[in-house]
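Chemist: Single-letter residue listing:
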Amino acid sequence: QKEVEQDPGPLSVPEGAIVSLNCTYSNSAFQYFMWYRQYSRKGPELLMYTYSSGNKEDGRFTAQVDKSSKYISLFIRDSQPSDSATYLCAILNAGNMLTFGGGTRLMVKP
Amino acid sequence: NAGVTQTPKFQVLKTGQSMTLQCAQDMNHNSMYWYRQDPGMGLRLIYYSASEGTTDKGEVPNGYNVSRLNKREFSLRLESAAPSQTSVYFCAGMPSGTVNEQFFGPGTRLTVL
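Here the protein sequences line up with chains A and B, keeping their order. For the first sequence, position 82 matches number 82 in the numbering used here, and the numbering has no gaps at all. For the second sequence, position 84 matches number 84 in the numbering used here, and the numbering has no gaps at all.
Keep in mind the hints are simulated off the structure, nothing from the lab. Glycine included, every Cβ here is placed at the ideal spot set by N, Cα and C.
Stretches of chain A that chain B covers, calculated by requiring three or more beta carbons in the stretch to come under 8 Å of a beta carbon on chain B:
1. 4-15
2. 43-55
3. 98-106
Below 27 Å or equal to it, Euclidean Cα-Cα: the simulated DSS-like pairs (lysine-lysine) are:
4. A/K2 x A/K56
5. A/K42 x B/K9
6. A/K42 x B/K71
7. B/K9 x B/K71
8. B/K71 x B/K57
9. A/K109 x A/K42
10. A/K2 x A/K70
11. A/K42 x A/K2
12. B/K57 x A/K42
13. A/K56 x A/K67
14. B/K57 x A/K2
15. B/K14 x A/K42
16. A/K56 x A/K42
17. B/K57 x B/K14
18. B/K57 x B/K9
Here are the in silico distance ranges between beta carbons for each label pair:
19. A/E5 x B/E101: 16 to 26 Å
20. B/G40 x A/P14: 22 to 32 Å
21. B/D38 x A/N27: 15 to 25 Å
22. A/G54 x B/S51: 31 to 41 Å
23. A/R41 x B/G63: 22 to 32 Å
24. B/P106 x A/P110: 25 to 35 Å
25. B/A50 x A/K109: 40 to 50 Å
26. A/I18 x B/K14: 42 to 52 Å
Using the sequences and the hints, build the whole thing.
Modeler: Set out below in structure tokens:
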């Protein structure tokens, strides 16, 4: 079983829609959860991170962690065509290294 | 301030050839990383360097070697390329005192025929 699982998509939504991106993980000891955004043919960039359970909001983006079900989510409100990218969840493992999910490709259509 | 730079951007090799991927950062990062990215596999760690003069294996180190030449530069070498090493390679750096916030370079697309 992979440590971090993510639906590869692609996920296609109309502009203005609310987007929900999700990951599941296997190790309940994980504490730091991150979301990276990767535009086509570019390197990933950190979007936001959360510690332990709960929500964190940054503009149109909200990251949510449910440790009881080992589930992390990224919500995008009022999605824009410029949000079209691949979104990678990542978890800080016991060795202080990042373990990445496979990424979900999001397409926001005007 | 260029951040993390990688050269070359693209490379095509024949099986058995060798090459070195270069990475440099001007952000004074202590830690540097090499990843490969394959479709549906996410980023997998090949090697990392927690500080100048140290290197350690990651998840998929076989077939690769690294050198942390100085604080700025961290190179990845393929001694005898294989088609299974066809991938996009990313270098990343991380400053001290962050929660593993890594800054990535633009990547090198490598094809091994």
